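From just these sequences and the hints, can you work out the full model?
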Amino acid sequence: MPSSEPASRRAIVIGGGPAGLMAAERLRAAGVAVDLFDAKPSVGRKFLLAGKGGLNLTHSEDAAPFRSRFAERSTEVGRWLDRFDGPALRSWAADLGVDTFVGSSGRVFPIEMKAAPLLRAWLQRLRASGVRFHMRRRWLGWAEDGRSLRFQREDGSEEQHQAGAVVLALGGASWPQLGSDAAWVPMLETRGVEIAALRAANCGFDVGRAWTPLFAERFAGQPVKPVALNFAGRSGRTFRRQGEFVITATGIEGSLVYAASSLLRDEIAEFGEAQIELDLLPGRSAEFVAAECARGRGSRSMSTHLKSRLSIEGLKAGLLHELLSKDEYHDPATVARILKAAPLKLTRARPVAEAISTAGGVKLEALDDGLQLQALPGVFCVGEMLDWEAPTGGYLLTASMASAWVAAEAAAKSLA
145 MPSSEPASRR AIVIGGGPAG LMAAERLRAA GVAVDLFDAK PSVGRKFLLA GKGGLNLTHS
205 EDAAPFRSRF AERSTEVGRW LDRFDGPALR SWAADLGVDT FVGSSGRVFP IEMKAAPLLR
265 AWLQRLRASG VRFHMRRRWL GWAEDGRSLR FQREDGSEEQ HQAGAVVLAL GGASWPQLGS
325 DAAWVPMLET RGVEIAALRA ANCGFDVGRA WTPLFAERFA GQPVKPVALN FAGRSGRTFR
385 RQGEFVITAT GIEGSLVYAA SSLLRDEIAE FGEAQIELDL LPGRSAEFVA AECARGRGSR
445 SMSTHLKSRL SIEGLKAGLL HELLSKDEYH DPATVARILK AAPLKLTRAR PVAEAISTAG
505 GVKLEALDDG LQLQALPGVF CVGEMLDWEA PTGGYLLTAS MASAWVAAEA AAKSLA
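Heads up, the sequence shown is in our numbering, so the first residue is 145 and it goes up one at a time.
Think of the hints as simulated: they come from the structure by calculation, not from any bench. Only a predicted model underlies this, so the values are computations on that prediction, with no experimental measurement involved. Where a beta carbon is used, it is the ideal one built from N, C-alpha and C, also for glycine. There's no promise every hint is true.
[As the list claims (entries may be wrong)] Cβ pair distances, simulated, as ranges:
1) G175 <-> K258: 27 to 35 Å
2) S152 <-> F415: 33 to 41 Å
3) D512 <-> G458: 50 to 58 Å
4) A477 <-> K451: 53 to 61 Å
5) T382 <-> E509: 47 to 55 Å
6) S455 <-> P487: 19 to 27 Å
7) K184 <-> D243: 24 to 32 Å
8) G300 <-> K489: 46 to 54 Å
9) A341 <-> E302: 23 to 31 Å
10) E303 <-> Q366: 48 to 56 Å
11) E509 <-> S558: 18 to 26 Å
12) A435 <-> L467: 17 to 25 Å
Take a look at the structure:
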């Protein structure tokens, strides 16, 4: 049952992801009665999925480079991080009994490399503090009175609730099967809230010329490493970084691609395609590669020659065959050039539902400094449903929880 507190002294949080849970925690810490509603049978589903390969909580970067990761929204997100940043998140996890460590890339992980222990401890603390959870309750918007919130139960029946403050933590549109289906967009638009179109972020891309069936069947799912990705956009934006990515049946994805995905996505949206270059031998100079390719190989095949002189085999050898004609493959100068700058045309970002996260959402200009909707006083928005984006590396989770911290503080003050 919902709290018996008068509605004017109660808060409702809608959405059980990390941002919603953090909002509930901070509201309870301020003495506010909290009811949390979620459409799914359990909370934290995307959080648990993210932790399957080792939960990346935050990043150990200093404040300035950390904040720069939020690009044009770095100023606004920076204000959230003033209240709750990476070190604060690590301290928060330690208070839950979850110790963390910094990996070789600077990313921060729980020592157990799992999300489930942290989520269990968090939920125990929330329940002990008095947060009430109402599962299998899908939010349908507002009733005709404009104040009551409508929720649909699993059996199709409806219930309504009121609260002095409402925190929406409904996520974006990625992985809709886990709960973030963007069904909230028309509900807010009809109430006069400005929303930027949701787009894929941290996503894969399709290549312009499809992989041959043999290449796709043999190498889809395999990583390309080490490799450097170079991008020079027509609008002047550039990117260069070394790392690894993964071949897919239709193109490429993975950490290195995600790091450049916002630039590539915007380039495709404006010009219809994005051209990248891959350095398949980032540890070798162009002169060295050219000399090794041109070295006499006698009766050996080009494949054997490249394997013995430059360790080009397997997937990287397969990429050469995808990008070069038969005649080009046997020209040492052409092979050397492609090894250091293999051109790849990308023509489409993968669908939003497949993306790790989304860009777009409730425009920050539609909110006050406490993340309260100007069009709907008493309603606050947090997390990925806001119009900002971040690369993978712990930035998204940290800022989502930071936004919840800010909104919960403001909501609690509005109820005081």
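Output the indices of the hints that this structure fails to meet, ascending. Checked against the structure, the hints that fail are numbers 2, 4 and 5, while the rest are satisfied.
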